[in-house]
Structures are given as structure tokens and as C-alpha cells.
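Asker: In case you want the letters, here they are:
There are 2 protein chains.
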Amino acid sequence: MHKQTIKTSTNQYDVVVGKDIINHIDQYLPRKYKNILVITDAEVHSLYADKVVRHLSAVTKVHVSVVPAGESSKSINQYYQLLTDAINYQLDRKSLIIALGGGMIGDLAGFVASTYMRGIDFIQVPTTILAHDSSVGGKVAINHPEGKNLIGSFYPPQAVLYDIDTLHSLPEKEIRSGYAEVVKHGFISNEDYLSDILKIDLTKALQPQILSDHIQKGIAVKASIVEQDEKESNIRKFLNFGHTLGHAIESELGYGRITHGEAVAIGMLFAIRVSEDKLASNLPFNELFQWLSSNNYPLTLPPLSVDDLINRMKKDKKSENAQVQMVLLKEIGNPIAMNVDDGELTGLLEKFLRELGS
Amino acid sequence: MHKQTIKTSTNQYDVVVGKDIINHIDQYLPRKYKNILVITDAEVHSLYADKVVRHLSAVTKVHVSVVPAGESSKSINQYYQLLTDAINYQLDRKSLIIALGGGMIGDLAGFVASTYMRGIDFIQVPTTILAHDSSVGGKVAINHPEGKNLIGSFYPPQAVLYDIDTLHSLPEKEIRSGYAEVVKHGFISNEDYLSDILKIDLTKALQPQILSDHIQKGIAVKASIVEQDEKESNIRKFLNFGHTLGHAIESELGYGRITHGEAVAIGMLFAIRVSEDKLASNLPFNELFQWLSSNNYPLTLPPLSVDDLINRMKKDKKSENAQVQMVLLKEIGNPIAMNVDDGELTGLLEKFLRELGS
Numbered sequence: 000m001h002k003q004t005i006k007t008s009t010n011q012y013d014v015v016v017g018k019d020i021i022n023h024i025d026q027y028l029p030r031k032y033k034n035i036l037v038i039t040d041a042e043v044h045s046l047y048a049d050k051v052v053r054h055l056s057a058v059t060k061v062h063v064s065v066v067p068a069g070e071s072s073k074s075i076n077q078y079y080q081l082l083t084d085a086i087n088y089q090l091d092r093k094s095l096i097i098a099l100g101g102g103m104i105g106d107l108a109g110f111v112a113s114t115y116m117r118g119i120d121f122i123q124v125p126t127t128i129l130a131h132d133s134s135v136g137g138k139v140a141i142n143h144p145e146g147k148n149l150i151g152s153f154y155p156p157q158a159v160l161y162d163i164d165t166l167h168s169l170p171e172k173e174i175r176s177g178y179a180e181v182v183k184h185g186f187i188s189n190e191d192y193l194s195d196i197l198k199i200d201l202t203k204a205l206q207p208q209i210l211s212d213h214i215q216k217g218i219a220v221k222a223s224i225v226e227q228d229e230k231e232s233n234i235r236k237f238l239n240f241g242h243t244l245g246h247a248i249e250s251e252l253g254y255g256r257i258t259h260g261e262a263v264a265i266g267m268l269f270a271i272r273v274s275e276d277k278l279a280s281n282l283p284f285n286e287l288f289q290w291l292s293s294n295n296y297p298l299t300l301p302p303l304s305v306d307d308l309i310n311r312m313k314k315d316k317k318s319e320n321a322q323v324q325m326v327l328l329k330e331i332g333n334p335i336a337m338n339v340d341d342g343e344l345t346g347l348l349e350k351f352l353r354e355l356g357s
Numbered sequence: 000m001h002k003q004t005i006k007t008s009t010n011q012y013d014v015v016v017g018k019d020i021i022n023h024i025d026q027y028l029p030r031k032y033k034n035i036l037v038i039t040d041a042e043v044h045s046l047y048a049d050k051v052v053r054h055l056s057a058v059t060k061v062h063v064s065v066v067p068a069g070e071s072s073k074s075i076n077q078y079y080q081l082l083t084d085a086i087n088y089q090l091d092r093k094s095l096i097i098a099l100g101g102g103m104i105g106d107l108a109g110f111v112a113s114t115y116m117r118g119i120d121f122i123q124v125p126t127t128i129l130a131h132d133s134s135v136g137g138k139v140a141i142n143h144p145e146g147k148n149l150i151g152s153f154y155p156p157q158a159v160l161y162d163i164d165t166l167h168s169l170p171e172k173e174i175r176s177g178y179a180e181v182v183k184h185g186f187i188s189n190e191d192y193l194s195d196i197l198k199i200d201l202t203k204a205l206q207p208q209i210l211s212d213h214i215q216k217g218i219a220v221k222a223s224i225v226e227q228d229e230k231e232s233n234i235r236k237f238l239n240f241g242h243t244l245g246h247a248i249e250s251e252l253g254y255g256r257i258t259h260g261e262a263v264a265i266g267m268l269f270a271i272r273v274s275e276d277k278l279a280s281n282l283p284f285n286e287l288f289q290w291l292s293s294n295n296y297p298l299t300l301p302p303l304s305v306d307d308l309i310n311r312m313k314k315d316k317k318s319e320n321a322q323v324q325m326v327l328l329k330e331i332g333n334p335i336a337m338n339v340d341d342g343e344l345t346g347l348l349e350k351f352l353r354e355l356g357s
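Going line by line, the protein sequences match chains A and B.
With numbering that gives the first Met the number 0, letter number 275 in the first sequence gets 274, and the count goes up by one each step, no holes.
With numbering that gives the first Met the number 0, letter number 284 in the second sequence gets 283, and the count goes up by one each step, no holes.
Accuracy of the hints is not assured; some may be wrong.
For chains that are exact copies, the list does not tell them apart, and a pair is met inside one copy or across any two.
Unchecked claim - Pairs of lysine-lysine, PhoX-like flavour, derived with a Cα cap of 25 Å:
#1 K6 x K230
#2 K230 x K31
#3 K33 x K60
#4 K6 x K31
Don't read these hints as lab results, they were simulated from the structure.
Small disclaimer: the values here were computed from a predicted structure and weren't measured.
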């Protein structure tokens with residue numbers, strides 16, 4: 000078991016990464032709660048909800064709300080339904096919400112917790128690799144048809160309880176999605192960690208020790224950044240490496256058509272190309288492309304309009320005054336946020352999409 | 000012009016009370032903004048929106064979103080529509096939302112600001128007496144059919160700009176509603192301020208100097224409490240004097256049937272009766288009743304089920320473990336939060352409603 004403590008402007012919380020946590024979840028709660036709502040999706044529910052409920056119901060009242068799996072549950076309607084559930088289950092300000100699932104559940108349940116009665120405690124219990132990223136740092140949100148995570152809060156959890164035993168049940172697609180964020184943490188932090196990651200073969204069974212190590216390091220990269228800049232005024236933006244185009248692709252295709260990490264993977268390739276062009280950086284485009292390809296990341300896209308993608312990129316929350324801002328790399332471990340003007344972006348994006356054969 | 004500075008855990012902001020502020024609103028903004036969304040209701044729009052837009056559009060881009068007047072606009076649908084407006088108007092994280100109107104607009108627009116792109120700046124420009132209370136302290140929210148303000152955030156504004164010239168256009172009903180909160184601030188702070196307030200005759204034209212004085216003192220009471228307890232862990236609850244039953248009456252009758260302050264006025268009478276019963280307090284029930292009555296506050300209610308009211312009171316955010324908590328007074332200026340058990344409450348409420356002749 001490995002524990003990191005994250006300090007935020009308003010609280011501090013532990014991120015625990017280890018085996019067999021869910022079966023002892025009652026012992027990991029930071030305080031006693033009299034009423035708990037577990038929010039989970041249909042897939043995770045069938046795998047872990049019973050365990051969580053069993054180990055908590057000995058000590059407290061527990062309710063479960065299940066939403067459909069997939070990004071489309073991060074909707075205003077689902078959000079409102081969960082608030083209604085919380086009211087019906089008589090949750091009060093001293094109650095707890097547990098987000099049991101991947102990043103979608105953490106974002107959705109966290110946003111419910113952040114706005115139910117102006118904010119109650121919540122705990123992240125991630126069950127995907129991707130959620131090593133999203134569960135740390137206090138960003139919670141739902142989507143709007145016009146863009147991802149446009150509605151949300153900065154609202155840190157009271158704890159992140161990461162049981163890596165849950166990761167063995169992940170489908171390949173989810174492993175790919177999660178590892179894209181691990182790769183991102185490599186790119187923005189240091190070369191050794193990155194080259195270590197790019198050695199892994201995701202098509203084979205993952206070694207728990209390697210997986211756990213990669214995840215802990217990824218969390219450490221993220222924690223160090225969010226502690227310095229919780230509200231994304233400056234360096235937190237670096238965590239969006241690959242996300243400007245990634246989010247645009249996700250929303251342009253319609254959430255769920257491609258996983259978040261798969262979209263970010265393509266976004267990182269593009270961010271490298273832009274970095275080469277604008278900063279004359281020397282970056283391992285081919286090595287990343289090769290690794291993504293051999294691990295079955297989808298690297299060709301259906302035909303997409305460059306103008307539409309750029310409009311999506313402008314709706315990104317990092318965008319200011321309708322200018323697209325991207326995170327680029329001067330070198331590995333040395334990111335920078337830069338505005339890229341429309342004309343330049345159009346040319347680079349057209350060329351990139353041709354390069355991908357889209 | 001009178002200025003008070005409020006310090007919160009995350010920022011500090013000025014509350015400016017004075018004449019002719021709207022006509023110089025551009026000079027009162029705490030910083031420059033490139034894109035502003037003014038959120039207002041249909042009634043206030045026809046009176047002041049043009050002025051605000053005129054004085055801002057010389058210096059920046061300004062959009063206006065108008066919602067129907069009345070508490071029913073504090074709905075999930077209206078909230079979502081305003082977020083969609085903000086996206087369509089291309090507001091970014093450096094943009095500003097101005098809440099131009101009464102407490103409903105402040106709550107609604109503030110909640111939009113608190114969750115749009117995880118929070119952007121907003122400024123309160125109150126146009127009612129009631130909003131002297133709601134515009135200070137950073138509580139923002141929308142309603143759920145099951146209860147008032149159940150969905151919201153703690154999110155302080157960047158400034159409160161209170162132009163008392165706007166108060167002269169208020170209908171009597173709104174003056175009554177606002178003065179109930181002024182009276183509340185009297186009850187929970189000190190006897191002299193309270194007896195000063197209870198001398199005013201709301202049925203006659205209000206003297207600007209007296210009005211301004213009452214409002215400034217009310218804001219000072221509120222500011223002192225919220226600075227000590229922003230997130231309502233303890234003494235902030237005292238501001239809910241009269242609100243436990245008040246909120247229950249409002250939602251049981253359906254929002255809009257009775258104003259917030261009118262409901263709180265009845266709630267204060269009840270809180271006094273409960274204080275007399277539980278704490279043997281000696282409080283001016285008759286004096287308050289007399290003042291409310293001579294100022295045309297509605298003091299008889301349509302028949303209401305005591306059980307339904309108590310169920311509503313349990314859904315109040317101050318309630319813990321399904322116990323009703325009320326703010327009572329040991330004496331004027333000396334409030335205390337207490338749980339009241341169901342049986343006792345039923346008896347007291349039945350008696351009180353009979354006393355009112357309901």
C-alpha cells in the first residue's frame with residue numbers, strides 16, 4: 000500500500016494506492032458517516048458495488064445509485080436525477096457520496112457532491128487506469144453538448160482509495176484509454192519515466208507491480224502540479240497536454256465513439272507536431288506513434304471538418320478571447336502554454352490529419 | 000456612498016451602498032473584463048438593463064440574458080439555459096457575469112458563475128431590499144421541487160454594487176419581503192437596531208437616509224457572521240432565524256405564492272413561540288406581530304398540513320439525521336441552533352397555526 004497526501008487551498012486528502020482496499024473500505028474512510036450514497040455505473044455496479052455496500056453497511060446506512068456506463072451519463076439530466084436521489088435518500092450536509100467507478104463517475108458524482116446542499120463530502124474509489132488522473136486534483140464536471148466539462152467545480156475529495164485489484168477486469172479499450180494519461184504524465188515530467196512507460200506492452204497481462212508503479216508516479220506528477228496551482232491559473236494547464244485537440248475530437252465524434260484517452264493520444268501526436276513547428280522541439284513523435292500503433296490505439300479518424308474541430312478547440316475552457324491555446328513541449332518535461340492563431344492551426348491540423356490518413 | 004469590505008476564505012470583496020451607482024457602473028468594476036454577461040429578470044430588465052449595458056458597452060463586450068421574474072426561474076432548466084447562453088456568447092474563464100436584480104437573480108446567476116467552466120467572476124448588483132441579505136455572503140443556489148436552495152455552492156462575488164436608487168421602484172410586496180430580513184438582522188444582533196427598524200412605516204414612502212442606514216447595518220450584521228463562518232459550520236446558521244418554517248411554507252405553497260420575506264416573517268413569529276416554550280425567552284412577539292400586521296404582511300395562511308410542513312423542514316439543509324433544527328433566541332441578539340423533536344414540533348406548530356387563525 001502506498002499513500003500520498005495532497006494539500007489543497009481548502010483541505011488535504013490522502014491518495015491510497017494498493018491491493019484489497021475495497022474489501023476493507025470501512026477502515027479507509029477518513030471519518031464516520033451516518034448516511035452514504037454510492038454512485039456507480041451499471042458495469043462497475045455488477046463487479047464491485049455489492050462488496051462496497053457489504054463492507055459499509057455494517058457501520059452505516061448505504062444507498063446506491065446506478066447510472067448507465069459511458070460518457071453520455073455526464074449530462075445535466077443525470078446530474079439532476081442524482082441530486083433527486085440524494086434528497087430522497089435524505090442525505091444531509093454530514094453525509095458522504097462515494098464515486099465508485101472510472102473518471103466519468105468521479106466527475107459526475109463529484110459535481111453532485113460539490114453542489115448538493117452547497118457541498119458535501121465525497122470520496123473517489125477509482126476502478127480504471129484513466130481515473131488515476133481524474134480522481135486526483137479536485138476537478139469535477141459534467142458535459143454540455145457544446146463541450147466537455149464545461150459545467151463543473153473545483154472540489155477536492157476527502158480521500159482517493161485506489162484498489163488496483165479492480166484494474167484486472169478492465170477491457171483493452173479502457174487500458175489504452177488510461178495509459179494515454181500515464182504517457183501524458185511522462186511527457187510533461189521526465190524522459191526516464193516516459194521511456195519506462197513506452198516499454199510496456201498493453202496487449203499482454205499487466206504486471207501489478209509495474210502498473211502500480213506507473214500509476215503512483217503519474218499521481219505524483221499530477222499532485223505536484225495541482226498543489227502549486229489548484230485552480231488552473233498557470234501550470235495546471237500543462238496537464239492538458241494532448242487535450243485541446245483530444246477534447247475536440249471527442250465532442251465532434253460524439254462522446255463514447257472514441258475513449259477519452261484514445262482521443263488524447265491523437266491530441267498528443269498533434270501537440271508534438273505543433274511543438275516541432277512552433278518551437279523547433281525535438282520530440283519522439285515516431286516512437287510514440289509506433290507504441291500507440293502496436294498497442295492498437297485507433298490512429299485514423301473518420302473524415303472531420305478542420306473548421307469544426309477548431310471551433311470546438313475554441314470552446315475549450317483554457318481558451319481566452321476565442322483564441323486556441325495549446326500545451327506544447329520545448330522538450331520532454333518542459334511544457335509551455337501557447338496561443339496558436341487560426342490560420343496557422345488550420346494548416347497544421349490539415350497536414351496532421353492527412354499524415355494520419357484521415 | 001458607503002463601503003464595507005468582506006473577507007472570505009478565498010478572496011475579499013467590497014460591498015458598496017450608495018446612490019447613482021448604476022450610471023457609473025463601469026467605474027465600480029474591480030478589474031477590466033473583455034466579455035460580460037448581464038443576467039436579469041424581465042421586470043428589472045425594463046427598468047435598468049439598458050443603463051447597465053450603455054455604461055459598460057463603451058468599455059467592453061456586453062450580452063444580456065433575461066429570465067422570467069419570480070422564484071420559479073431558480074430552476075434546473077433556467078440554470079442550464081443560462082449556461083448555454085454563456086457558451087454561445089463565448090464567455091471564457093476571464094469573463095464576468097453580472098447579477099442584476101433581486102435575490103432570485105443573485106442566487107441563479109451566481110450559481111451559473113460558480114459552475115461555468117468551474118467558476119468565473121461575478122458581481123452582484125442588487126435591486127431589492129431583500130437582496131441586501133442574499134447578495135452578501137457568497138451563497139448561490141437554485142431550487143429543487145423538494146426544497147429551496149438544495150442545489151448550489153458557496154461562491155463569493157467579486158463585488159456587491161448596491162444602488163439604492165433602484166429601491167424606489169419596488170412594489171409594496173417587495174418592500175415587505177426585504178424588510179423581513181432587515182428585521183431578522185435586528186433580532187439576531189441587538190435591541191436598539193431592532194426597535195429602530197420596528198418604528199418604520201413601510202406603507203409610506205421610505206426616507207433614503209433611513210433605508211440606507213437600515214441596509215448598511217443589516218449588511219454589517221451579516222458580514223460579521225459570514226466572515227467568521229463562511230461555510231455555515233456553526234454561527235452562520237443564526238442567519239436562518241425564521242427560515243426553517245419560512246422555507247417550508249414557501250415550498251409547501253409553491254414558490255411565488257408568498258414572498259420569501261413574508262414567509263420568513265411568519266417563520267420568525269413561530270421561532271419566537273418555540274423560543275418561549277423551549278428556552279423561556281422573553282421576546283416581543285406582540286410588538287412584531289403588530290408591526291407586521293400594520294404593514295400588511297399576510298399573517299393568515301391557507302390550510303396547510305402540519306406533517307407536510309414538518310417533512311419540508313426536515314429537508315432543510317441545516318437538518319441533520321432527519322431532525323429539524325431551528326434557530327431560537329435566548330434573548331434579542333443571542334441566537335442558538337437547536338434540534339426540536341417531531342412530537343414537540345407538531346404540538347407547537349398546530350398551536351401556532353391556530354393562533355394565526357389558519
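Asker: All hints, please: hold or fail.
Answerer: Evaluation of the provided hints:
1. K6 x K230: Classified as both: same-chain Cα gap 13 Å, cross-chain 19 Å, threshold 25 Å.
2. K230 x K31: between (29 Å within a copy, 20 Å between copies)
3. K33 x K60: within (6 Å within a copy, 49 Å between copies)
4. K6 x K31: Close inside one copy (21 Å), not across copies (32 Å); limit 25 Å.
Of the numbered hints listed earlier, not one is contradicted by the structure.
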